[in-house]
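A.B. asks: As you go down the protein sequences, you meet chains A and B in turn. For the first sequence, my numbering assigns the number 12 to the initial residue and increments by one for each residue that follows. For the second sequence, my numbering assigns the number 12 to the initial residue and increments by one for each residue that follows.
The hints are simulated quantities; they were obtained by calculation from the structure and are not laboratory data. One or more hints might be untrue.
Because identical chains cannot be distinguished in the list, a pair is counted as satisfied if it fits within a single copy or across any two copies.
Result set (DSBU-like, lysine-lysine): computed pairs, CA atoms no more than 35 Å apart in a straight line [to be verified]:
1) Lys127 - Lys62
2) Lys33 - Lys112
3) Lys74 - Lys191
4) Lys57 - Lys127
5) Lys73 - Lys191
6) Lys144 - Lys165
7) Lys78 - Lys149
8) Lys91 - Lys191
9) Lys165 - Lys149
10) Lys191 - Lys33
11) Lys165 - Lys191
12) Lys165 - Lys112
13) Lys112 - Lys67
14) Lys149 - Lys62
15) Lys112 - Lys14
Model, not experiment: these values are computed from the prediction.
Number of protein chains: 2
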Amino acid sequence: MQKDTLCLGLLSLGPRSGYEIKQMFEGPLSDFYSLSFGTIYPTLNKLQDEKYVSCKQLSQSKKPDKKVYTITKKGKDLMKDNLLGDASAYIRSGNFGDQIKSEFFLLLLFARYLPKETLDTVLNERVLFLRQKLEQFKYDGPVPSDLQALRNEKSVAFIRGLATALIESGLNYMEKNRGKLN
Amino acid sequence: MQKDTLCLGLLSLGPRSGYEIKQMFEGPLSDFYSLSFGTIYPTLNKLQDEKYVSCKQLSQSKKPDKKVYTITKKGKDLMKDNLLGDASAYIRSGNFGDQIKSEFFLLLLFARYLPKETLDTVLNERVLFLRQKLEQFKYDGPVPSDLQALRNEKSVAFIRGLATALIESGLNYMEKNRGKLN
DNA sequence: GGGTATCTATATCAGGTTGATATATATAAT
DNA sequence: ATTATATATATCAACCTGATATAGATACCC
Numbered sequence: 012m013q014k015d016t017l018c019l020g021l022l023s024l025g026p027r028s029g030y031e032i033k034q035m036f037e038g039p040l041s042d043f044y045s046l047s048f049g050t051i052y053p054t055l056n057k058l059q060d061e062k063y064v065s066c067k068q069l070s071q072s073k074k075p076d077k078k079v080y081t082i083t084k085k086g087k088d089l090m091k092d093n094l095l096g097d098a099s100a101y102i103r104s105g106n107f108g109d110q111i112k113s114e115f116f117l118l119l120l121f122a123r124y125l126p127k128e129t130l131d132t133v134l135n136e137r138v139l140f141l142r143q144k145l146e147q148f149k150y151d152g153p154v155p156s157d158l159q160a161l162r163n164e165k166s167v168a169f170i171r172g173l174a175t176a177l178i179e180s181g182l183n184y185m186e187k188n189r190g191k192l193n
Numbered sequence: 012m013q014k015d016t017l018c019l020g021l022l023s024l025g026p027r028s029g030y031e032i033k034q035m036f037e038g039p040l041s042d043f044y045s046l047s048f049g050t051i052y053p054t055l056n057k058l059q060d061e062k063y064v065s066c067k068q069l070s071q072s073k074k075p076d077k078k079v080y081t082i083t084k085k086g087k088d089l090m091k092d093n094l095l096g097d098a099s100a101y102i103r104s105g106n107f108g109d110q111i112k113s114e115f116f117l118l119l120l121f122a123r124y125l126p127k128e129t130l131d132t133v134l135n136e137r138v139l140f141l142r143q144k145l146e147q148f149k150y151d152g153p154v155p156s157d158l159q160a161l162r163n164e165k166s167v168a169f170i171r172g173l174a175t176a177l178i179e180s181g182l183n184y185m186e187k188n189r190g191k192l193n
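Given these sequences and hints, build the entire structure.
C.D. replies: Shown next, in the form of structure tokens:
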């Protein structure tokens, strides 16, 4: 997905600074996508130049100033056009699509070169890690206000449910079949 | 995972040309990882310079010449060292780790900006796509001889089983919950 | 025979992204 | 006072991808 469309999509949930957009990627979005500062800041500048977003400099007490970007009517139109135009291209991506770099699967692929105890430790820690992820996706308590807008999206509820189902079935498979790797 | 380690790992399954390594990434590995020619060829040259692989130029009838690379003892040692040294870093990557760019999930995130019929079509085609993927992972018939070495790995059987379980639970969830996106 | 399409095979490079780093303000802890 | 941490913006070298170039060989069509 074009970085422009993605930033506009996140700004459609409410005005944000570049730093806050990055926080969204490090929070609930981190399992599906991420952009670095080196991409986010230049993208926001470009979007501002082309009037897809407007910008207000905000002085804050107790924190450095920040630039808060607001999506414009022109920006919303571009976002919707882009989403609609590219929708069919995204069908074949994602989990078992074409954008994944899974180093864990590569490690499993070469499992026979690892000492038995190392493989055992790796699998144990992977299970712990996935259980932790599961808790994160199931967590329903309070979140920082910036992230609340994401949480409120119906689509996020769907995605969290899907992630939960996938992790649970993955855990289940690993616990039942890990013996096959030895 | 370092590209060096990855190429050495694939060469540990048998001698291959750069083109054939690329074919492995486009075949059964495509859902977990990929490297482009722009990475593969320079990596093989570097590995050859440093004696981690040896190279034979092969004339073929009916096809252009190819350079076939064979992993050396020194190369196998490096590969094992690297796998062992980096194993713990790979635990938190992969599906619901930190290396995923899922454009399909992003599209779902912004589902409310899509016309109802478009979303419906997208979900239908995604289901068809995943069913096709499922068939690919379950397929047990003959494969080109280059890819047979991968197929024979115990770890590949484990990974294919895991992928199958994940896709099935994802399909199941999507079919039961897609109404929640409207 | 000429056109073109496809497959095998290697190589290179512009363009884009990341991860690291720099800079700065402010709070909190030692 | 200094060290660490959080907020906040910005930049850049290093790296990778996707595209493109080149080339030998087969195959099909008119």
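A.B. asks: Each hint: holds or not?
C.D. replies: Status of each hint after checking the structure:
Proximity of lysine 127 to lysine 62 under the C-alpha cut-off of 35 Å is restricted to the inter-copy arrangement: shortest distance 28 Å between copies versus 58 Å within a copy. Taking the shortest alpha-carbon separations for lysine 33 and lysine 112, both the intra-copy value of 21 Å and the inter-copy value of 15 Å come in at or below 35 Å. In this assembly of identical chains, lysine 74 and lysine 191 lie within 35 Å of each other by CA distance neither inside one copy nor across copies; the values are 54 Å within and 39 Å between. For the identical chains of this complex, lysine 57 and lysine 127 are inter-copy neighbours only, at 31 Å across copies versus 52 Å inside a copy, given an alpha-carbon limit of 35 Å.
For the homomeric pair lysine 73 and lysine 191, neither the shortest alpha-carbon distance inside one copy (56 Å) nor that between copies (41 Å) is at most 35 Å. Taking the closest pair of Cα atoms, lysine 144 and lysine 165 come within 35 Å of each other both inside a single copy (20 Å) and across two copies (27 Å). Proximity of lysine 78 to lysine 149 under the C-alpha cut-off of 35 Å is restricted to the intra-copy arrangement: shortest distance 33 Å within a copy versus 51 Å between copies. Taking the closest pair of Cα atoms, lysine 91 and lysine 191 come within 35 Å of each other only across two copies (21 Å); inside a single copy the shortest separation is 47 Å, beyond that limit.
For the identical chains of this complex, lysine 165 and lysine 149 are neighbours both inside a copy (15 Å) and across copies (33 Å), given an alpha-carbon limit of 35 Å. For the identical chains of this complex, lysine 191 and lysine 33 are inter-copy neighbours only, at 28 Å across copies versus 40 Å inside a copy, given an alpha-carbon limit of 35 Å. In this assembly of identical chains, the alpha carbons of lysine 165 and lysine 191 lie at most 35 Å apart only when taken from different copies (7 Å versus 40 Å within one copy). For the homomeric pair lysine 165 and lysine 112, the shortest alpha-carbon distances inside one copy (28 Å) and between copies (21 Å) are both at most 35 Å.
Proximity of lysine 112 and lysine 67 under a CA criterion of 35 Å is satisfied inter-copy only: 31 Å between copies versus 38 Å inside one chain copy. For the homomeric pair lysine 149 and lysine 62, neither the shortest alpha-carbon distance inside one copy (39 Å) nor that between copies (50 Å) is at most 35 Å. With identical chains, the CA atoms of lysine 112 and lysine 14 are at most 35 Å apart both within one copy (19 Å) and between copies (12 Å).
Hint violations for this structure: numbers 3, 5, 14, all remaining hints satisfied.
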